[in-house]
Amino acid sequence: MTGINDLPSLVIATLIFLAIPGPGTIKLFTSMAETNGGPKAGFWATLGLMAGDAVWMVLALSGVAALAATYPRAFDVLRYVGAAYLAWIGFTLIRHARETLGEGKVISASNRGPWQWFSEAMLVTLSNPKTIGFYVAFFPLFIDQATFDGVATYARIMAVVLALVFSYCMWLVVAAQMAKRVFARFPGAGAWLKRLAGVALIGFSVKFALQK
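Here the sequence shown stands for residues 446 to 657, where the numbers follow the numbering used here.
It should be emphasised that the hints constitute simulated quantities derived from the structure, not laboratory data.
Just so you know, even glycine gets a beta-carbon here, dropped at the ideal spot from N, CA and C.
Mixed in with the good hints there might be a few duds.
[Said to hold, decoys possible] Derived Cβ-Cβ restraints for the label pairs, each shown as a range: (1) Ala-620 x Gly-558: 21 to 31 angstroms; (2) Thr-592 x Pro-559: 31 to 41 angstroms; (3) Phe-611 x Phe-536: 22 to 32 angstroms; (4) Leu-586 x Val-526: 22 to 32 angstroms; (5) Trp-637 x Ala-582: 29 to 39 angstroms; (6) Ser-612 x Pro-559: 18 to 28 angstroms; (7) Ala-620 x Pro-453: 19 to 29 angstroms.
From just these sequences and the hints, can you work out the full model?
Quick look at the structure:
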């Protein structure tokens, strides 16, 4: 592909990165676990994750990384805000684990819809400013200087990455839907899984707040 050096390696590297569990994966699953969630919530959460990734990729390619190096405190503020948001989601999952999985009184999730699933997933991705550093280091590895044609090459790489993100998340949606049928038979196990997801998100929030 014009401008891209070793497309198969780009695909493999992206899939390996996606396979590492992170807050985005947890958010995708917890959106689906809502009382009115399911595949629809998974789809909109996936679009939100992709939107967040697209923002970081554009910022990485537009030279914002250099600005961040000059004014690191600005990104520190963003990191702290994102960490607080992840912690809030984690505490919410722990607090409402039984209700959101249908063991007790159902919380008011019926008013939630595509916009909530999309925006929250996007914020989860945007809450990790270190992602921009990943893309700054990631993109140059796959640029063919001989056929590089500027913005068009970057657009092709972004298209490949986002297509892989969408495909991988859709696979997760199918897997989660199958697992949800099992948890419907064992609601207690589902509640504990929700609590573990909450603890994981709190852990990520601490990591993001402390990392330099």
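So, going through the hints one by one against the coordinates:
Taken as a hint, the range 21 to 31 angstroms holds for the pair Ala-620 and Gly-558, whose Cβ atoms sit roughly 23 angstroms apart. Checked against the hint of 31 to 41 angstroms, the C-beta distance between Thr-592 and Pro-559 comes to roughly 39 angstroms, which is consistent with it. Between Phe-611 and Phe-536 the beta carbons are some 30 angstroms apart, a value that agrees with the proposed interval 22 to 32 angstroms. As the Cβ distance of Leu-586 to Val-526 is approximately 30 angstroms, the hint placing it in 22 to 32 angstroms holds.
One distance hint, 29 to 39 angstroms for the beta-carbon pair Trp-637 and Ala-582, holds here, with the actual separation near 37 angstroms. About 20 angstroms separates the C-beta atoms of Ser-612 and Pro-559, a value consistent with the hinted range of 18 to 28 angstroms. Range check, Ala-620 to Pro-453: about 25 angstroms between beta-carbon atoms, so the 19 to 29 angstroms window is met.
In the structure shown, no violation is registered for any of the earlier numbered hints.
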